[in-house]
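Please work from the sequences and hints to get the whole structure.
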Amino acid sequence: MAKIGIKLKVNGVERAAEVESRLLLVHFLRENLRLTGTHVGCDTSHCGACTVVLDGRAVKSCSVFAVQADGREILTVEGLEQDGKLHVIQEGFFQEHGLQCGFCTPGMLMTGYAFLKSNSNPTEDEIRHAISGNLCRCTGYVNIVKAYQYAAAKLREGGEK
Amino acid sequence: MIPRSFEYFAPRTLDEAVLLLGKLGPEAKILSGGQSLIPMMKLRLAAPPYIIDINRIPDLNYITELNGFLRIGALARESDFEVSPTVLSRYPILMDTTVVIADPLVRNQATACGNIAHGDPANDHPATMLALGASIIAVGPSGEREIPIGSFFTSLFTTALQPDEILKEIKVPIPAPSSGGAYLKIKRKVGDYATAGVAVQITMNGAGVCQRAGIGLTNVGFVPLKAKEAEAFLTGKPLDDATIKRAAELAAGESQPIDDIRGTADYKRDLVRVLTVRALNRALKRANGGA
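These protein sequence lines map, in sequence, to chains A and B. If you read the first sequence in the working numbering, its first letter stands for residue 565, the second for the next number, and so on. If you read the second sequence in the working numbering, its first letter stands for residue -14, the second for the next number, and so on.
Calculated directly from the structure, the hints in this document are not laboratory data. Note that this is a predicted model, so its numbers are computed, not measured. For each residue, glycine too, the CB sits at the ideal point set by N, CA and C. Don't take every hint at face value.
To be verified - So the derived label-pair ranges between C-beta atoms look like this: (1) A/G704 to B/P11: 44 to 52 Å; (2) A/C665 to B/I243: 37 to 45 Å; (3) A/L650 to B/D251: 53 to 61 Å.
Claimed, not checked - Below, simulated EDC-like cross-link-like pairs (lysine to aspartate or glutamate); rule was C-alpha separation at most 16 Å, straight line: (4) B/K27 to A/E584; (5) A/K571 to A/E582; (6) B/K27 to A/D607.
Written as structure tokens, this is what we have:
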């Protein structure tokens, strides 16, 4: 099968590649670009460990073909930190102990990043609803909710992105 | 898991997509949200040799009222419903439906039209559209045609769409005044399909009599079901507790569930009964101006 040329922006950097049409976005990110922060958890669209932000919306990169991302913009967990400074959502996970094994964390961070952009003053219920597509088997979610609340508070006081 | 190889096409117009579909034949599949198709391809439950990605066709992402109908375009995402002022203010039944589908990440990609076109009796929009009396706009080589939702689901994963047709739009009649609807679903966890689901849409007159009732059932048959006996029973009656109870029994009797991992057929039939009572009460409250 002939390969297809794609061009896309990943974490602010223009990338071009020739890919098979069946290549999933998550494999493109991990194997072609070596951005292994995005994890493959369940591989059946359930767990959300592979979540990335595609044109502003959090999606499961195991359920999108790389060719669908042609001409579009992607943010992965590697793109959160800017100039050596953690993004507030990362800082929240650090401060509130929002992770144990860390496997789900990249997905949790990317879901949180997109969610807090549209709602920087969420209720606990709204947060729990927002992360309902991201599974964590360690924390019981309590500290993840606290991490989101920490980040939301920072966003409200600091006006950070 | 890696899907089988396929040839990928990304047409820029609907006409081009229809031409491609005609040329490539019935084995070609349309990709919209892809949140059912891509997981199925990864499991190799589906292995289409050709994929026609309609996501690059402009002007298909709309949820808008026009000429007496709510029109839902092929690329309207589930998450678009959750922020649509039209849906929020006038179609609580659509909000009920959207928010119980999969999870927020899947809903950022998934489309309502794809949810219908897939022909899966476990999907949620079919029951809601049956209750609302919607119709489907299909576009093919000879132009557009309108298919009533009642004749759209022909058998398991099979719809009235012809192999050379694309589902372009869902068309919902704007409900008359004093109308209300609700969709209720029991599922084991977030992201699961319904153990059973019931959609209800009613229109009352000023005297508290039901003028029209639509009832759709999710995942209790090989196709999405319309509870016609229950609908007919409700029409022309005041919706008191005894009437609602009897209609719910009729709807349960019309369901055709089977035993599976989500429960026994008897259990699911009883869920239909209980959910129909609850959905009718909620729809009635909404028809009377409540939330």
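Contradicted hints - numbers only
none
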